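Engineer: Let the hints inform the model, and build the full structure from the sequences given.
Chain by chain, the residues:
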Amino acid sequence: MAKGTLEFERPIIELEQKIEEMRKYADNLDIADEIGTLEKKVDQLRESIFTNLTRWQRVQLARHPDRPYTLDYVGMIMKDFVELHGDRRYADDKAVVGGFASLEGRTVMLIGQQKGRDTKSNLYRNFGMMNPEGYRKALRLMQLAARFGKPVITFLDTPGAYPGIGAEERGQAEAIARNLFEMSHLPVPIVATIIGEGASGGALGIGIGDRILMMENAWYSVIAPESCSSILWRSWDYKEQAAEALKLTAQDLVEQGIVDRVIAEPIGGAHRNPQKAASILKDVLIEEIDGLAKITPDKLIKKRIEKFSKMGAWKE
Amino acid sequence: MPWFRRSKQNIIAEGPKKEIPDGLWTKCNGCGEIIHRKQLEQNFFVCPKCQTHFRIGSKEYFEILLDRGSFKEMDKKMRSADPLDFKDTKPYSDRIKDTIKKTGLNDAVRTGTAAIDNHPVVIACMDFGFIGGSMGSVVGEKIARAIDKARKTERPLIIISSSGGARMMEAALSLMQLAKTSAKLAQLSDSGVPFFSILTDPTTGGVTASYAMLGDINIAEPGALIGFAGPRVIKQTIGKDLPKGFQRSEFLLEKGFVDMIVHRREMRSTLSRLLHLFQN
Ligand SMILES: [Zn+2]
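First to last, the sequence lines map onto chains U and H.
Each residue of the first sequence is one higher than the last, beginning at 1 in this note's numbering.
Each residue of the second sequence is one higher than the last, beginning at 1 in this note's numbering.
Calculated directly from the structure, the hints in this document are not laboratory data.
On a predicted model such as this, the values are computed, not experimentally measured, just so you know.
Cβ atoms here follow ideal geometry from the backbone N, Cα and C, with glycine treated the same way.
It is possible that some hints are incorrect.
[Unchecked claim] Some chain U residues close to chain H (C-beta under 7 Å, calculated; not the full set):
{"#": "1", "residue": "GLY164"}
{"#": "2", "residue": "GLN172"}
{"#": "3", "residue": "ALA177"}
{"#": "4", "residue": "PHE181"}
{"#": "5", "residue": "SER184"}
{"#": "6", "residue": "TYR220"}
{"#": "7", "residue": "LEU232"}
{"#": "8", "residue": "LEU246"}
{"#": "9", "residue": "LYS247"}
{"#": "10", "residue": "GLN251"}
{"#": "11", "residue": "VAL254"}
{"#": "12", "residue": "ILE305"}
{"#": "13", "residue": "SER309"}
{"#": "14", "residue": "GLU316"}
Structural biologist: Below, the structure is given as structure tokens:
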């Protein structure tokens, strides 16, 4: 079984493996019947597990080590991706990738947070945790896109902005704040999609858009459940409760008026069928980008600011 | 206070709190001096000996900065609606009720119109005493409306920040207040109305990563903790002690993220001068 298999995926994967083994020896019809029964069973099991996921289980899916990351989707969705590097001020932040690409003939600026898949690539990508130069690189690319009238697509997938000495020295807070400010009045369409983890200001720093989309098993909140547990419960042991309290799933965020649209994932999660996940995502992105293309920049900005102005709930 | 004189002090955030105590006499955490409350009040809640700036609330700050009787509060009754029905070790709704009772405030920011040396302004001041000055929907909305007021009346905007960050109990809705306030500031900026951001001890997390860092002019009080991540989180991440003076106002000035450090005694006259310069 794959190393990253989650506890609640285990019974499904065990059954699938059994079926596969049986297939190898399936030279007579007797076994074919048996295989059929098992296949039905695994379908039912999948259905029952994945229609009743807890919020914490979704967080685990969002962090699944086999889950497609930004560059995986770029490879499956876009053509002619030309990656651009650096913020022109300090460095090139590898925790975020960006560049022009073609989405079925439409030139877009793609910017996404990028995790690594093993120790080496995770160190290279800083686990998808951006530094100030990353936010400034993202902003530079967005403004480049704006100058040439190209729409911006962002993919959010980060456990948070990097909390380091250098990050503070170079103004992590200012870099994020500046992006929120500048993205609010960028004169081209922006579609932001939370594809995995959307942790706090670190994710939001590339997350302002005309349309906010979220994949079915992604999470998005002000803090990770573990950190929330450690602060409010004063212990790391209440992550499940914290995940429930934070109401951080795609469906929750639609109900809170933050996310516009949930993007369905193949049953079992995007990692079980990345090609299918990518093809669903691609269709949605094309639809959204085309929907925004007709709106004038002034109206786009006005509506974008109005959209975020409405968020929240209070009594008076 | 010049930063080089702070070198013997422990500057890490877990250090002693600097809120004003209720008693008549209070000990300064900077130098240990015993100070009478009256003396502290007369000295803008700053230690007369070592210049440590005590944490103060909106009530005290408005008295220090504003022309007497000029403050007209906006959205005074706005309160949290507990939109997520949040519960940790205690229901959020109870936490809100208790804090309102304890502080006499309805949430962590007060906003309104006022005058400084006869210059009309829109002003907002956060109260750290209300759930750590955390920003949920109420803070975000009140700040957003204050920005709108400044834009529509063409009055310069002043926001005095003091906050531990976004409020966890409103989760993603709190996070969206960063977006909301920054979007409103972009609009304000496009309409040419100036915004002065005053950062006081402490200003961290979501408030720093939105409006506090977006001033046309950023002004810090001396010795204030200002940053994105809290010092404890950074220390845990890197597994090393943090350098002396890290994330303090003087550090931010040195790194280029605030325009100036202004002693509380001179805050009113500094703002008055700026308002005058922007007006003429
Ligand atoms: Zn003192």
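Engineer: With reference to the structure, classify each hint as holding or not holding.
Structural biologist: Each hint tested on the structure:
1. GLY164: holds (6 Å)
2. GLN172: Since chain H brings a Cβ to about 4 Å from GLN172 of chain U, closer than 7 Å, the hint holds.
3. ALA177: holds (4 Å)
4. PHE181: holds (5 Å)
5. SER184: holds (4 Å)
6. TYR220: holds (6 Å)
7. LEU232: Holds, because the Cβ-Cβ distance from LEU232 of chain U to chain H comes to roughly 4 Å (cut-off 7 Å).
8. LEU246: holds (4 Å)
9. LYS247: Holds: closest Cβ of chain H sits about 5 Å from LYS247 of chain U, inside 7 Å.
10. GLN251: violated (12 Å)
11. VAL254: Status violated, d = 11 Å.
12. ILE305: OK, holds: ILE305 of chain U within 7 Å of chain H, min 5 Å.
13. SER309: holds (6 Å)
14. GLU316: Holds, because the Cβ-Cβ distance from GLU316 of chain U to chain H comes to roughly 5 Å (cut-off 7 Å).
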